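A.B. asks: Residue-level listing of the chains:
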Amino acid sequence: MKKLVIILIIILSPLFWRGAGGEAFAQQRSVSGYVKDAKNGEMLIGVSVYEKGTTNGVSTNAYGFYSLVLPAGKHTVMVSYLGYATQSMDIELSDKGVTKNFELSDADNSLNEVVISSEREDHNVKSVEMSVAKLDIKQINRIPALLGEVDIIRAIQLLPGVTTMGEGSSGVNVRGGNIDQNLILLDEAPVYNASHLFGFFSIFNPDAVKDVKLIKGGIPSQYGGRLSAILDIRMKEGNSKNLQITGGIGTIFSRLSIEGPLIKNKMSFIVAARRSYIDILAKPILKKKEPQLGDLVFYFYDLTAKLNYRVNEKNNLFLSGYLGQDKFGAGFSFKYGNATTSLRWNHLFNDKLFLNTTAFYSNYNYGLGFTNAGTNQSFNWTSNIINYSVKPDFTYYLNNKNTMHFGGQGIMLQFEPGQAVVTASDGSTTNISVPNKYGLESALYVDDEIKINSRSNIQFGIRYSLFDYMGPGNRYDYYDTIPNNAKRLKDTVAYGNGKSIAHYGNWEPRLSYKLDLTDNSSFKASYNRTAQYLMLVSNTAASTPLDIWTPVTNNIKPQIADQVAAGYFKNLRDNMFESSVEVYYKNLQNQLDYIDNANLLLNKYYESQLLQGRGKAYGAEFYFKKTKGKLNGWISYTYSRTLRQINGLSNNQWYPSKYDRPNNLAVVLNYDFNKRWNVSCNFVYISGTPNTFPDSKIEIQGYTVNYNTSNMRNNFRNPAYNRLDFSATYNFKKNEKRRWQSSIVFSVYNAYDRKNAFAVYFQATPNQASQTQAIKYSVVGTVIPAITYNFKF
Amino acid sequence: MKKITYHLSLIICSLLLLSSCTSVIQVTVPTGSQLVVVDAFLDNSSNPQTVRLTFNANYFSNVPTPPVLGAIVTLNDLNNAKTYSFTPDGNGNYIYTPGINDSMAQEHHKYQLNISYNGNTYNALSTMNRTMAVDNITFRVSAEDYANNYPLSDTTNPRKFFPYVHAKDSAGPISDYYWLKVFNNGAFYNQPAQLIVFQDGGYQGDNGDSLIAPFAFQNLTNSNNPLYRNDVCMVQIYSINSNTFEFLTQMKTQMTNSQAGLFAVTPQNVKTNIQQISGTQQAIGWFNMGMVSSKSVIAY
Chain A
26 MKKLVIILII ILSPLFWRGA GGEAFAQQRS VSGYVKDAKN GEMLIGVSVY EKGTTNGVST
86 NAYGFYSLVL PAGKHTVMVS YLGYATQSMD IELSDKGVTK NFELSDADNS LNEVVISSER
146 EDHNVKSVEM SVAKLDIKQI NRIPALLGEV DIIRAIQLLP GVTTMGEGSS GVNVRGGNID
206 QNLILLDEAP VYNASHLFGF FSIFNPDAVK DVKLIKGGIP SQYGGRLSAI LDIRMKEGNS
266 KNLQITGGIG TIFSRLSIEG PLIKNKMSFI VAARRSYIDI LAKPILKKKE PQLGDLVFYF
326 YDLTAKLNYR VNEKNNLFLS GYLGQDKFGA GFSFKYGNAT TSLRWNHLFN DKLFLNTTAF
386 YSNYNYGLGF TNAGTNQSFN WTSNIINYSV KPDFTYYLNN KNTMHFGGQG IMLQFEPGQA
446 VVTASDGSTT NISVPNKYGL ESALYVDDEI KINSRSNIQF GIRYSLFDYM GPGNRYDYYD
506 TIPNNAKRLK DTVAYGNGKS IAHYGNWEPR LSYKLDLTDN SSFKASYNRT AQYLMLVSNT
566 AASTPLDIWT PVTNNIKPQI ADQVAAGYFK NLRDNMFESS VEVYYKNLQN QLDYIDNANL
626 LLNKYYESQL LQGRGKAYGA EFYFKKTKGK LNGWISYTYS RTLRQINGLS NNQWYPSKYD
686 RPNNLAVVLN YDFNKRWNVS CNFVYISGTP NTFPDSKIEI QGYTVNYNTS NMRNNFRNPA
746 YNRLDFSATY NFKKNEKRRW QSSIVFSVYN AYDRKNAFAV YFQATPNQAS QTQAIKYSVV
806 GTVIPAITYN FKF
Chain B
141 MKKITYHLSL IICSLLLLSS CTSVIQVTVP TGSQLVVVDA FLDNSSNPQT VRLTFNANYF
201 SNVPTPPVLG AIVTLNDLNN AKTYSFTPDG NGNYIYTPGI NDSMAQEHHK YQLNISYNGN
261 TYNALSTMNR TMAVDNITFR VSAEDYANNY PLSDTTNPRK FFPYVHAKDS AGPISDYYWL
321 KVFNNGAFYN QPAQLIVFQD GGYQGDNGDS LIAPFAFQNL TNSNNPLYRN DVCMVQIYSI
381 NSNTFEFLTQ MKTQMTNSQA GLFAVTPQNV KTNIQQISGT QQAIGWFNMG MVSSKSVIAY
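Residue numbers (the numbering used here), protein chains in the order written: chain A, 26 to 818; chain B, 141 to 440.
Treat the hints as calculated values from the structure; they're not laboratory data.
All values reported here derive from a predicted model rather than from experimental measurement.
From the three backbone atoms N, C-alpha and C, an ideal C-beta is built for every residue, glycine too.
Heads up, some of the hints might be wrong.
[Said to hold, decoys possible] Computed footprint of chain A on chain B; a stretch qualifies when at least three of its residues, placed anywhere within it, have a C-beta under 8 Å from a C-beta of chain A: (1) 161-168; (2) 177-188; (3) 391-399; (4) 407-420.
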């Protein structure tokens with residue numbers, strides 16, 4: 026019954042939208058078009074286009090498109106964007122809509138005839154969006170970086186509500202969620218592992234990235250499939266005016282990107298590549314220190330490319346691709362990497378209806394193997410997750426008070442968790458592969474953003490998501506057992522190609538509301554439900570690239586999260602300062618955990634080792650940012666908890682999840698001395714990760730083994746994490762006649778040599794079996810200085 | 141598998157300018173509740189059979205685990221209804237000594253261990269599985285010694301010997317599980333990394349070395365603990381069942397976790413097969429009946 030009512034509301038909702046518009050529809054005209062960067066022709070995302078002196082306005086979408094609906098007559102339209110000079114233009118709307126494209130120039134080298142204003146730099150306050158963090162690449166470039174390499178994921182870690190398990194762990198934890206609960210999109214194609222070198226760097230080449238947006242709450246209905254957050258990364262289209270080469274030479278790797286027009290203002294491209302060379306530098310030293318490592322291989326590379334073609338005023342095509350791989354070896358080989366391709370087609374049906382259709386392919390692979398020297402013995406394991414998807418997304422600009430999004434998505438998923446072959450010394454092989462799994466994830470959604478009056482906006486939507494776990498494959502049925510024991514296999518049922526083994530569907534309502542309190546402050550609230558059908562299976566201290574992705578099955582239920590959030594946003598001193606306070610509470614269902622001593626690796630019965638239960642997460646996030654002036658930067662502080670209750674674990678009581686870190690403080694400061702020199706520093710303090718400490722030792726057969734008699738999981742915390750980094754950038758004097766620009770960045774990571782704990786382990790003191798000790802494992806155990814040289818021409 | 145992840149971690153740490161990766165830290169954890177820990181790995185030999193009962197001790201106290209005194213320990217052979225009583229030695233050991241050329245245990249019999257202590261009673265079950273014979277033990281000299289070619293008479297640079305075991309897995313469709321133990325001059329070599337349990341001589345053996353019968357085990361001892369000339373090396377192959385195999389694997393994982401670096405799992409409790417029949421004091425630990433085969437060879 027409930028479902029029927031919701032369906033009815035969706036069907037009838039267009040009637041409400043027209044009603045909400047208020048004005049007679051026939052008299053509405055629109056001005057629409059694209060907004061670009063005057064310097065390089067890049068489409069600009071999130072630019073405010075509005076009627077002067079009113080609150081009628083829209084923002085450009087992810088493709089730089091806007092459509093502003095106004096009554097017939099004369100208007101002054103303003104176009105403004107942070108860091109760019111605001112433009113204004115008088116237009117007359119008679120009986121037809123007008124197409125108007127804008128090109129914005131940088132604020133600091135703007136021309137006289139353009140009005141400079143900071144009037145609309147208050148997007149954070151005025152927009153209905155909340156729990157959203159945006160970082161522009163200029164800002165990211167200034168944060169002191171590990172080994173001098175600017176990194177998007179590492180920059181995001183300095184924002185409220187975001188933590189990681191430390192250096193050496195892949196991914197980020199957002200508002201108490203696991204790393205697999207974030208949907209990472211690179212030009213709309215999902216990326217399953219965004220890390221190079223186990224998380225020291227991310228796979229996104231900053232020279233090829235245009236826009237980064239992290240959505241932690243109030244998630245619009247067009248996004249789905251993950252519980253916690255959406256990280257939407259958009260690549261540059263490539264300079265459509267001039268050929269440009271950008272690059273950098275760093276301590277650990279070098280970058281080079283080339284972009285430029287193929288057909289001026291119609292077709293442009295960008296190709297960006299990175300390759301590490303630390304292996305070449307470290308090999309001699311390492312070989313001496315660790316001779317057993319033998320022939321050493323370790324490097325990573327990535328290649329990012331994009332082509333865009335403006336077919337005509339109504340059609341644009343974008344083709345983007347990413348290919349990257351990490352390789353390690355020393356008598357064994359280990360590799361992992363992603364490949365993604367996405368093709369997008371923007372089509373303008375008319376000045377009010379915009380369609381983007383994305384088709385993508387994504388493949389995450391990893392493999393492990395070794396050969397015993399001098400024998401035939403070997404072991405080879407490869408694993409893949411392959412996705413194919415189509416996703417049409419419509420935006421309908423009904424009138425100046427009402428914008429609607431609707432669309433759908435279908436993703437074919439193929440999991441190849443382990444193709445593994447063991448070769449014995451006599452040459453015989455044993456196949457210990459884990460069978461493939463197949464799934465189809467699909468969704469339909471609609472949402473509508475309505476301006477209720479001059480002070481308040483509402484955005485509401487619904488998403489219906491479906492998942493089919495399909496054959497060919499086996500359904501495994503297990504006996505019930507005492508929780509925290511492996512379940513015994515009862516029955517195996519084989520399913521043919523395309524037959525549904527398990528099927529799940531979920532309604533996901535989404536709602537956001539904004540109310541302006543004063544000219545420069547607002548209150549916002551949101552609710553969203555999200556469902557997740559794929560998850561990462563991992564019982565190591567932090568996630569590694571070896572972890573296995575699994576779809577929901579007959580034994581694993583979809584994870585569901587309900588989040589409510591509320592926030593107060595205020596800007597001060599003409600938007601020089603931005604501040605916000607947000608609180609959230611999440612109720613989580615079917616969270617995954619593992620029985621004690623779970624055996625997950627290459628185990629086709631891994632479902633027998635899993636447990637699911639309740640979770641909750643709550644927190645308060647404080648953010649204060651100075652956006653302008655010689656001294657700028659931000660302070661972010663989060664207090665948050667994330668807890669689990671799973672029958673069979675921790676005496677059935679609530680326990681902290683492994684990414685529960687109550688206090689999280691980040692301070693980022695930049696200071697511009699002059700045009701040549703600027704310096705930056707950042708400081709982070711995060712509570713230690715929870716850990717299960719043994720309170721006892723027991724003796725079995727002369728071995729001393731750790732034991733926790735309380736049986737409580739995560740009963741203690743590892744030492745807190747804190748770190749200070751510095752950097753200084755010197756910009757070489759620019760020769761006005763030449764385009765060559767260059768800078769040199771000096772950086773110091775972990776300035777006071779803190780040995781932060783990645784994990785704490787317990788073991789018998791070597792050669793003294795009866796004595797025991799706690800071992801702190803620090804991945805970074807020293808100060809790391811670095812120099813990077815960047816250039817552009 | 142472990143070896144790979146360890147080496148991977150090493151490489152990754154080395155990437156960051158060879159910074160050192162581990163340090164010992166001081167941790168204060170209050171002592172937990174008192175448990176009875178049962179350590180009962182019995183065999184079919186005519187040697188004295190010991191069930192050791194201890195209490196747990198604070199993990200960081202560095203005091204030995206205290207013995208459990210005043211318990212009554214018996215073993216029932218459920219196939220022939222025989223009962224064996226174990227005598228306390230006053231130090232937590234409860235011992236049954238079979239007569240010469242006698243044994244309390246027989247292949248395929250099912251056994252029940254009974255313990256009563258301070259108003260609590262516990263029991264545990266185990267079936268005696270077959271074992272395989274140790275064919276031979278050979279030795280290899282370390283690569284360094286081989287290169288340096290020190291004379292046998294050189295006492296300042298004695299040659300280091302590393303044992304290899306040769307054996308053949310018993311035929312048949314059933315899975316056999318074994319624990320391979322090394323003794324140097326009678327002392328059990330209890331390095332956690334060299335706790336070797338394996339299934340059918342299969343790939344789950346030591347450190348991923350793929351071994352199909354007939355096989356040879358390498359890495360029985362590590363390079364810090366070599367044997368020297370005239371040392372007596374004894375190797376035992378002790379049969380275990382699949383649950384004991386899992387238990388010992390869990391023990392090894394917990395004890396060698398710090399070597400796994402980035403791939404380490406969170407500390408967890410090992411399982412137990414001791415059942416509480418009455419009383420309130422919890423007992424943990426393990427009971428296994430196994431057949432044992434062994435061979436001693438002098439390193440030369």
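A.B. asks: State whether the coverage of the stretch 177-188 of chain B by chain A holds or is violated, taking the criterion as 3 or more residues with Cβ-Cβ distances under 8 Å.
C.D. replies: holds (count 3)
A.B. asks: Can you take a look at whether the stretch 407-420 of chain B is actually covered by chain A? Rule is 3+ residues, C-beta closer than 8 Å.
C.D. replies: holds (count 5)
A.B. asks: Under a C-beta cut-off of less than 8 Å, do 3 or more residues of the stretch 391-399 of chain B approach chain A closely enough to confirm the stated coverage?
C.D. replies: holds (count 7)
A.B. asks: Holds or violated: the stretch 161-168 of chain B covered by chain A, criterion of 3 or more residues with Cβ-Cβ distance under 8 Å?
C.D. replies: holds (count 7)
When each numbered hint is compared with the structure, no violation occurs for any of them.
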